[in-house]
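Asks: Residue numbers (numbering that gives the first Met the number 0), protein chains in the order written: chain S, 0 to 215; chain U, 0 to 301.
Quick caveat, the hints were computed from the structure, so don't treat them as lab data.
These numbers were taken from a predicted model, which means no experiment stands behind them.
Yeah, the Cβ is synthetic: ideal placement off N, Cα and C, and Gly gets one too.
Accuracy of the hints is not assured; some may be wrong.
So the derived label-pair ranges between C-beta atoms look like this [unchecked claim]: (1) S/Leu78 x U/Lys197: 18 to 24 Å; (2) U/Asp50 x S/Ser181: 40 to 46 Å; (3) U/Gly86 x S/Arg13: 43 to 49 Å; (4) S/Gly1 x U/Pro296: 51 to 57 Å; (5) U/Pro291 x S/Thr57: 51 to 57 Å; (6) S/Leu58 x U/Glu172: 42 to 48 Å.
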Amino acid sequence: MGFLFEQDNFALFRDGFLQTIELSALSALLALLLGTLLAAFRVSPVPVLRAFGTAWVTLFRNTPLTLLFFAVTFGLPPLGVHFSHLVFAVLALGGYTASFVCEVIRSGINTVPLGQAEAARSLGMTFGQTLTLVVLPQAARTVLAPMSSVFIALPRNSAIAGAFSVGELYSAQQTFSERGYSIFAIFFWVACAYLLISATVATFFRFLESRLAVVR
Amino acid sequence: MRTSRTLAVALCAVALTATAACGKDGTPGATAASSGGSAAPALPSYTVKTDVKVDSPVIAEARKRGQLIIGAKADQPNLGWEDVASGDRSGFDIEIAKMIAADLGFTPQQIKWQTLVSSQREPAIAKGQIDFYVGTYSINDERKKSVSFAGPYYIAGQDLLVRADNTSITGPESVGGKNVCTATGSTSIKNIQQYNPKITQFDTYSACVEKLMSNEVDAVTTDDAILKGYASKYAPKLRVVGKPFTKENYGVGLNKDDKALRDAISDALKAHEDNGDWKKAYDATLGLSGSPAPEVPALDRY
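Please construct the entire structure, taking both the sequences and the accompanying hints into account.
Replies: Written out as structure tokens, the structure is:
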């Protein structure tokens, strides 16, 4: 257990931890924005947008994440798209998680009684207004619990980025393993780090739930 | 991809015919999946010894089982490679393992290969899941605490793999600012970092080589044995710079307290190094890269 405090191991672990947080936070942001947009597409009256939303969810939700990372890291550069490996990772992870966020939000939208949207429309609101002012605020409250699951899974999924040149916790673990420390000790600390991140996300969502709860 | 595979199969067939024509029917090591062409050096064949006496419980157990279980790598072309389609193993480490097996009295058909990645080696040896391990296994004091080593049978060193037309990278001093790729978390990173390159890390070396071939990185760095294997696979597109800047002694890993087996393996290595099999095995695998064979290292019997 003590290996973490030998040599420069702690610095490596800390850097990996911070990189995991940075990657997760950026991906979460992308996933939330993109996912909400996709959900709006999927319930929109425009067939092309609906088809796009459905296609995205079908493609990204059903593809193994490792494959998505491969596609982004090895597929985009030959097409002339060059970003840093962190950006590639954010794109893959964000795009993947967005499909889950989209479906969670869509399920939330479906819980809002149709009368709400009809009332908004009869007041002369546009589709955009109806969605952002009436439907989504109510939908968001009902989906907090499943949403927290999605965002707890995200930091753990981010471990795949370690295999694609992002120096996060997984790659720190690889380095420690290579240096020959006990596997159990390494995984203990890495697990603690992930637990800390997941627990923080879970607590945040619980806080949101208690703040945003409405009596129906 | 498909054409290169068809070509490989064709070359394989040529190599097989060539070996058969030499009248060495049924000799081990004839399945040269890695042969580079009809003119390529042929793999050596090893005479399986009979009536071998090794006072080792591991060998006694293997004899009872009728199978020798050898741990190896499966993802290093021309070094420790498994053809996923056919299940055939090929490469320099595989040849070393076959030499040893022959001297212990086991035919290639009696070898059961077990693929183990680096982190699983010590536990697998300690638990007796494998009889010994041959696969870019560097001898060091930390590992000697839990396993024994016979050898070294090859001295590797960290080197650089570049595109054949690259003349700007001549050694580690010239990689400053260049994009260098290696495996995630490997010790290679620490050794190259002092020369200030930009480091890219992927889970596998093949991903790095892929990026090297598509011009996205300038060099791949790790032990020269692994690099030579890739250079052989993609000859003549890639070359190894040939200025190793570290030293790794590759040994055969085995159970810690089994001195009899260690001595037997050392004897086997010595015999095949002296009769030229070692050199032939090198030429037919890693030698295809164009890098000349290094000195045969002196054995360290302890």
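Asks: Now look at each hint and say whether the structure bears it out.
Replies: Hint check results:
1. Between S/Leu78 and U/Lys197 the beta carbons are some 22 Å apart, a value that agrees with the proposed interval 18 to 24 Å.
2. Checked against the given bound of 40 to 46 Å, the beta carbons of U/Asp50 and S/Ser181, roughly 43 Å apart, stay inside it.
3. Judged by the Cβ atoms, the range 43 to 49 Å given for U/Gly86 and S/Arg13 holds: they are separated by roughly 44 Å.
4. A C-beta distance of roughly 36 Å is found between S/Gly1 and U/Pro296, which places it outside the suggested range of 51 to 57 Å.
5. In this structure the hint that U/Pro291 and S/Thr57 lie 51 to 57 Å apart at CB holds, the actual value being about 55 Å.
6. Between S/Leu58 and U/Glu172 the beta carbon distance is about 47 Å. The supplied range of 42 to 48 Å therefore holds.
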